[in-house]
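Engineer: One-letter residues, chain by chain:
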Amino acid sequence: MAEVHLIGQIIGASKFPNQSLFCKWGIHAGGGWKVISGLKEGQTQVDSPACDGITYWCHPVDIHFATKGIQGWPKLHLQVYHLDQFGRSTLRDQFVQYFLGGGPQLKNPDLIYSGNDRYRLQTETMGVVHLELGVVLRNFDKYGVEC
Amino acid sequence: MGPVPLEDKLKPGHEVRYLEEEGLHVGNHLAVTSRNTNKLERRLLAGGDRKWFGDDGEIISLPDPCRLVPFHPPVCDEVNSILDVEYKLATISDFENKYIVQPGDIGVEDRYLLEVDICSVTFSHHPLFSREHVLAQRVTELYLKYSERAVLGQGQRLAGRLEALRIARDSLKKVLKQAPDASQQQLERLQRYVAEIRETRRLRQMEGSNDRQLLSNLLLTWRDLKKLRELQGYTSTPLRLQIHKEFSDDPAAEIRAWDEEIRKEIDELEEEYQEEYNTQLDEYSKKLAVWKKRRKAMHEAKRRHQSKAEQRIEREFDEETELEIMEPSGEEPKPPAKVNMGVVRSEVMEGLFQSFRPPGEPKVYLELTTSEAIDQNPGCPNEQQRRTAVKRCDLYVKIFYNQKEVCSSHLQPLGPRFSVSIGQLFPIRILQWPESLKVELHEEGGTFAHHLVAEIYLPFPSSGTTLQNCSLEHHEFSSNQVLTFSHAGVGCGTYLCPFPEGSNKEVTCLYTSGVLACRVAWGVDNNKHGGRDGKILAPPEKYWTKEQRDSCTDLMAMLDEEGVMDIEKLREWAETSQLDPNDPRNASFFYLIKNAGVGFSTEPNYFRLDPLQAEFDFCKMDDLVANSRLRLLQLRDQREPEFRGLCVPLREKEIPKDMFKVYEKRLTYTDSQLESLSSDPLELHRDWGQKFLQKVRQRVLKQCHLAQQHRQLQDIVMEDQVPDIGTLGLTFIKWLQPKRPLRPTRKERKKITMQNVAGQEVKIIVNVIHAFEVPVRKDVDAVGGGQQAFRFSMVPVRPFVEVSFQGVSVRTTTAEGANPTWNQDLQLSLKSPSGDYSPGSLQSIQDNLYLHLFDEIVVDLLEDDRMRETNIHQRLERNWLGSLQIPFSTLYFNSRIEGTFKLYSPPVLLGYEKESHHREFSGLTILGDTQQVLPPRDATFLSLFITVQPALNPPEPFKEKLESSELAFMEEHLENWESQVAKQVPHRKVKTLVIDISGKSVCVTRFFQPLAPPVLLEGESITEEMAARFVSKIPKISGSILFPGLFDIWLTSDQILHLLSGDSEDHAVLLCCFLMYLGKTAWLLLGVGIPHGRTAYVLTREKEQHNISYWLWDPVSGQKYSIQDSFCPLQKVFCLINDENIWVNVQQEELPWRTRFDITHRSDWWPAFGRSVGAPVGSVQPAALVYVATSISATQMLQDRIEKQLKDCLMKWRKTARTLCNRYCIAILRKLLPALEHNTWNCQNLSSPDHIQELQHILGSHKMCGFPINLPYTNMEAITEAMKATGVHYNESPDVEFALAVYIHPFPNNVLSVWVYVASLIKRR
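Here the protein sequences line up with chains A and B, keeping their order.
Each residue of the first sequence is one higher than the last, beginning at 4 in the numbering used here.
Each residue of the second sequence is one higher than the last, beginning at 4 in the numbering used here.
What you were told as hints is all true, and nothing was included just to trick you.
Over 12 Å on every C-beta distance to chain B, these chain A residues come out as not near it, computed from the model: (1) K18; (2) D55; (3) V64; (4) K78; (5) H80; (6) L81; (7) M129; (8) L136; (9) G137; (10) V138; (11) E149.
Dumping the calculated DSS-like pairs for lysine-lysine here, alpha-carbon to alpha-carbon at most 30 Å: (12) K110(A) x K538(B); (13) K664(B) x K37(A); (14) K401(B) x K441(B).
The calculated label-pair distances, taken between Cβ atoms and stated as ranges, are: (15) N111(A) x K267(B): 51 to 61 Å; (16) N111(A) x V197(B): 47 to 57 Å; (17) Q849(B) x L42(A): 23 to 33 Å; (18) H80(A) x E722(B): 25 to 35 Å; (19) L42(A) x L649(B): 13 to 23 Å; (20) L649(B) x L81(A): 29 to 39 Å.
Because the hints were derived from the structure by calculation, they are not lab data.
Just so you know, even glycine gets a beta-carbon here, dropped at the ideal spot from N, CA and C.
Isolated chain B, as found in the complex:
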């Protein structure tokens, strides 16, 4: 393809131009083969477009961008320091714990080293200062200030700046004069110059006057000091101020300069004033014009007003004029005053004289030396005393790391100069994360034997600091100690004037103060085997708290996290680094600082590194914080108790506004608010106790939180065992074994981890086996009614059991007789809060499992006997016989509960009696030794088996080691003993160190001390039964509910009385202390009982001649059991504790009636303390308990309130029927209740015949069914729940009447025993 002719490519009528020849730079064309060029040219021409071609007929193209020589961009060969790679040894990573290095980890002990170099301590005031010292200190301070200012030379700097500005202004003025049409910019610049000159002048004047003030102060003080020395006739400070005067060589020139200065200033001022005057004048003329106009308008309006008043026709009225009339015309503006230049001149002169050295005055240079000789033997005895006191005084420092003393320096004499050089380096090997570093300054011998002068907190250095690269830091300290002396020492904290004869008569208060010079740095590793010298032994900085570091040395440190510059720091930095403000390069910097500080304080005082970033933002950070949905999600993530397991809605508007109210209230909760909560002292006390426990619980929960995070392998991995030969073999053998279906073997259930539980339903299975000694009906005939009911009346009782949990209840079928057998499985599903089945949430379930035993009564309603053949019309009634309450936590911790339980039954059950009584009355008493016959048991027993399906893993005990208040050897001894016990009798748990309410562990024996029980009855000494009764009426909460993770806290006796709640151990401790006071030999017994699992009892020993009998006290119920009683709820005996020792049961047997209780037998009872180590002395209990009498009136009020509430509840529950009250019966019941309470104190038979006698009158006319319920007072809900559970309200008989009486017996300290007597009455026909 040939080339395209040149003329085709040019625009018609254009000549060919060669730009290169015309001298323009064209550059190299890209080398393209001519074939391709031709092809392209043809194609473009075919399109008819000539614009692609230049004037030279070539295609317009850019010059060849390629270089001829290959070029490599400069890459620095040396490795960038931040890209450095270092070899790290294989390590075991540290836990984020209080300890950086786990204690006992020997290999890494010297990993972190803090070095504290204490150089010297210099006092700026000390109580042993004499007056001369005080003055000398002042001179020194002033001199330091003076020399600092002299070095800075601020005055000279400002003078230079002023000069420069003046020159600039003058030259600008000159320019303006030459060119009258000045641009706006230039005028502005002039304005700015003027303003700046004014500012600089002001500054210079201020600096100058400060300088002169300082100088004169210094000289005056020095004169005072000299005078004082003369006056007292001796010198005790070595201070000497040398004054050098320098007279000017050319006084005339000085005067000239001075005059020049004055002239310049006056000129400037005149100009400024003129300008000001002009503006004021302008303003004045404007104001005047306005004023005149208004006056005129007013006159007119007045005139119009008058005419209107005459006419009174015109109703319309111009509002404007009216307004104008109302407004006063105002003062006539005054013209501005002219400035008197004479005054200005004198002002200027005065200002200059104040701040600058006038001509003729010599320049003064000062020098402070310490060359003055001190008089060794002053004549004044006071001074001599002072000096001996100073000589005696020694000083040393103690260093505290994380509030623990780590080392202390040698004693150093204080010396007459009050400057102690300590010069000691303290290397501190640290094992804990740094929190605080404190230096304490101690003094010895001077004034007191030994005392603390001051404490100084030192900041931790940044992790790169070593002694080589850190400078000496001065830390000021002071103390507010008050001291006065009889000798010449001035003391401290007192008001005094050091030299009243001198010029300065100011009275000041001086406190001990001074400066500590020290260095703090991290150690450097010098002798590492691997040869990595110089490793800084600092803990990784990012893990410990960010300290506020003094960061004015580094510009980057001034940027805070968001890249915002801290202007204050910047200014500080600018001052210390002495940037030249005249340097144009710094102009913008100073402009920034000035503006940020002075004028534009409303503007944000920071700048952003990336100002355009904000353009891209969706919203502000505050919006993110303010969004309630996000906040909710975040709080839920933080596991705040109010939001745990909450379902957060998707839209913000679906969140109720008061969502955070409870949470915020909790955060801002204080005790003072609580006081206003309730006026009732009884309620208040309980509320307070609850709130306090809640607080402790929250704290403990937080502590436990970490521990609960530790998961075990089986929590995460569910692994089936791979069958091997052994298991396979066993299965084969099983096939060959004879089948014995009647003797099934127990199969271990597989424990299920919480992860797997999530999907399934968790069920509680209750197998009700049988009951015995169920009370039987007394008046059988009344139940049946007609003759046909005869077959029912044969049956003395028809009991059934109802089980309820979390509001759901199921019941067994009805059995018959006093010893019924059901053998029935009941299932209840367990609902965990928020569907979370982790141990943490399961153990916080506070629900109880209730089992109630009822008697089912069939009432025949058939009126007509003729229909009996064909019809059945009956009503079922139920009478409550007893109940059992098992907290879910007990079930959870024990994983199954089985045994025979004593039901809680009321002391009197109207209409029922025990079969055993029956027998007794019929003369069927068992003959024999009276000692062997046990008192008839007033109880019903129920055999149960309860478990959870699928089996849940009980939580691991909390094993975090806590701080102990015991000595280390004691702690070690107890731990050793405990581990030995665990080896010998592994399942018997003992307690040696328990946690008190402050979270520290204490030896248990310290909890025992005889304590006086309260007086329950005036004039009557308290018996053991009364004490037990008192203890049992303190409300009980299960320890596991209160403090999850088997983390139990023991309360001392005053705490339990104060909080009015505690778990069984706390009750037992209290009871044990009481019994010890009453002269019993008592122990706290830890063991396993039913139904609560692990419980605490009190064991007492009674000696009657040669018979030794042991008794067990249940502190929660207040019951006393003989050790021989096989129905005692205590099942296993683990250990005994009293104030002297801890004994663990090492016998084969652990059933109480088979255990030998002689603790002196070492083979039966193994003590913790023996000859080598004795039990710690000193009790944590108070010396005596203080009892406060409960207010009778408040009790009475509460009693009335409960009665009313219960009556209301009764009516509410019986929705369909009318509820009638039998007033007569109520009156009788009220009379009966106090007697019941008193009976319990004497352990008398409760269903005494007098009781029945009292009711005889009613029993004759009515069929009565009822019982008293007794429970400690916790709150109203507990009482109503207890009454509802008895099912009294189920009586549907149309002519039923109810009787309800409440009695509260007040014990001291607001402990209340509540008795509720409830009965239903049906008139006998």
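Bound-form chain A, shown alone:
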């Protein structure tokens, strides 16, 4: 059995239209993967930088997987939220949003884990999330996987 240890941090985000941001993160792995220790998902604090273009979270990610195969390699899933500002797509939604807040969200968030349907999703780049992740592998060479 091979093991993967992901350790690092979600440093922060930059170039987002708004700066009071927080991030919900999750690590999604296939069925043959088992979390040995650490948290699979979490949420950072809200950082509102007074100056500087970068929002810092410095949120630790430390998760240890054991796996029976390389299928379903862990995927990191990040959702960046902001505290509140406006700017939406259709007129009606903009209107609703202007008065009530909120934003568009996928009805089925699980969709984005697989590439099959994701390409059809029309998205717009909002900004950059900076990550620093160390990936420690163990025993993969035993099973003929070179890394």
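Take the given structure of chain A and dock chain B to it, following the hints.
Structural biologist: The following block gives chain B in isolation, referenced to the frame of chain A:
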């Protein structure tokens, strides 16, 4: 560049061929400029390779793949539904809590709505059923089954299938006949057909016989019912079965078909039997051949054996033959019997008659109606009684959500049909995560006044279910109630035969049962201001427990998490959806189901969506689970106590095999195992108490776990204050201020968060300031020895303090005199388990800080006086004078401890005496009013200052609100009062609601009730001192050690006696209850004392004529203090509690000797309960305590064991020297100990002269140094530790002798007081 000549490109001797002209499709060539073509051709030719060219002299190329017309792949314009984006409003995310909506959050209250539509309740049996009803119910059930089968038409379906199979087989046979060289495949197919025909035939026969059985049953029951109606002369059920008979138009055709059927079946059977016979015959012939061969061999062997016996030379013997001889030749196989076709025929006929309608019999169609008239006035009085009972009976339902009643329906009459339509819709607005939904069926008026009929648990619908899209569900219910009646009602739970005169004489037991028809769905939001209609008000499904849903409606739901198909569900689905088994498209599906169920049960009964996936796997999932290293890591991550902070090795083989033993043992631990643990009743009781507390602790720890996760800002962010004008100004002013180095101001230390602690060393700093009233040596002259030692002998005592923590000890220098001053800083480092300095692990440190006061004695060893000028040869001895024990948790919670502490010193200290006694004896008594003179204090005091460096943040109190067993208004009142108190006197903590052992909060006043203390001495009434003594001998554990997070649990008196441990509050409650019984006015006093910080005392009031005096009792030590005593360890008085009220001290002063204790003064003591709200009535304490006498023999055994163990320890500690025992002294000490125990009961002076008198004989001949130690019995380790701490064994004198005696005084309920008298003796020269 010109084109290449054609002949160059062709292979020599080949003609030019144009494929296109020959009619072959070539396709369009790619348009390439001729220049490029020529260039390429030349180059290829230069390489001398003609294989690139085709027969037409052109380069071989694929046709142009490009389309002429641009083409766009079809992309459906409508947005894929799963890609839908919806706008979500900005929300505050819910906590994963029991509550979905935080209570009090008004804006989102109607977010989740559960709708329960209870339609009707139909009883299939009810105690008020008459016999007729029972039969009618049976008819109905059978009819339902009948009509269900009729709809399914399984028989016809199978008949059709059989027909089809037969045709297929016949045609195949025909083919085979024509072509004699049949392929293997065809033969196999034939075989399969035959097998399938056989199977289908069997099935059809079974179905048919079932059908007929059912029909006849139904008809019989109906006949019974009719008979019963005739017999009793009235009808009380409206049931009527109409039987339609249909005679066949063409009886001849029917007979033909019947005969045909028989013929076919016989043919088939004959064929099968023939085949079977053939195979059996084959087998027989084979067996016969084997048998014959063996027989022959045996005969031969026999012959050889005989010849061998004659010769006896041949030693070698063929093993094989011997074996053959040993083996019996076996029975001669029998040839298989031929099948008698006559028998087969009759069998077939019989089978068909049983399962099919024989020709000539009419077809029967049944119809059940409820058109029968009911006789309104039956003549039978029993029946009339029954009917009035039915009329009186009303029914209603109650709905419970998460075990809480939410609503109930109106009363509905039961009615003669035993079917109640309720038809009410209950919308339930939910605030908690759904856990259970229960419907309770209640009955009123029928048999009893009111009773519960049945409870039905309903599954929660999936989050998409609304009332519009959900169908009516029928839930069956039943109850095991037993009832019998005198009237015509049959009752329930009794054995009866409804109609003994009828055909069915079976006696059955009927229980109340029935069907509830209801719908459960989530509400739909219709009137949202934003216009988002139709939002389903279901809580997000992924957070609540996955319910097992009835999922046979959806194929995808049958896939479980790993994509494995549940065959059972699949089969169920196939049955209900009525797939046509004859449809070739379904063939493979049915094949799968059949095979999965029938033959290959050893094969895995699932299929994988991706079968090749397994090829890529490194290992199986089980290997991951079985790997001990991964398991260890996982358990550590789950914070199981056994693995917390464990260092897990990198390789699996480095992990010891028994790693999980303790953990698994804990998981499978039961009380029965404990009983076999120890046979000693005393040990057992204590062990049990410990284990029980451990369990409670584990539970509490889990509860606290979440609360401890909440971190505050300063835990995470360390921020230095940015200097502003104000602070800068202050610094400038500081420079200008006059310097006063002799009057330093206190600087607040910065609290350090646990994150920052990690790298540093945490130290405990003990500043030992001074001590006073240290006992002084009595026989000074004996210590010194020679004349030169005179200067030592001048000094009455040379005390020093040794501090030990976690096995490390440091000591002060030696001071001199009875009131020494050291003023010395001692440092000890704190080692946290697993290097974790979080509050959670720090407060679980159970170590104590010990401070021991010793007297250092210098013994001169110099033998020769002449050498005294040049040599020094001395030995240092130490005599224990007293000790103090401070739990680390006290230090941690208070962050610093300072004050003057009374040392625990033995009641008798041989060889020492108090200086104050000295004075008394010399006549220096202070004259004055006798009331003012306090009894001479028998104690030594030590001034200390203890702190932790760097300062640690004390943990936050546990604030999670727990369920309360008090009424809501009471809870609210107490909370209000508490918050008002906190406003007025913020630092004085009061207790109003405390947690009992079940984890519910209870008002404190409920803990007080007069309780009888045990009888300690036969025939003597118990005094207060005796009660206090008894309470003080119950072992104490610090509350914070037991339950971290300042989460204290109060035990009731029977619990503390049962568990034999508790914290100071529990002791105080017990003592208070005893004192109340003894007629004292007693209160529980909460305050701050030294050295334990927050403690509980008992305050009593004594009235002597006009003098009112108050006394304080320390429940843990059993000491009694006057309120005026300035050395009383109680420092602050916060509040008083008794059974009537809670009073908080609102005076300026909180020192006990300055506080006024008249609780009737509202300005001094503010009560919680007044005229408007009274204290809750009813105590949680038991009415009386049950005392069990402690077994004397077990005590005696324990006493001997302790004595032996201590002696062994003493020898073990004195490794270098021989340990001698003075038997005479031991005998005397044994005699003395019981008297000491009795003295404590009467509060007498302990160092009474008789005590010394007894020892006078030894004291004359020996220099004796010793003391008795008294402590409650917890376990052996505590006693040995206490003795080791006194340092008796340090006496290195060569002619030292020891005396050691142990006495255990048994109190009732296994409470034991242990006395250890230890002394060292040196013979006087």
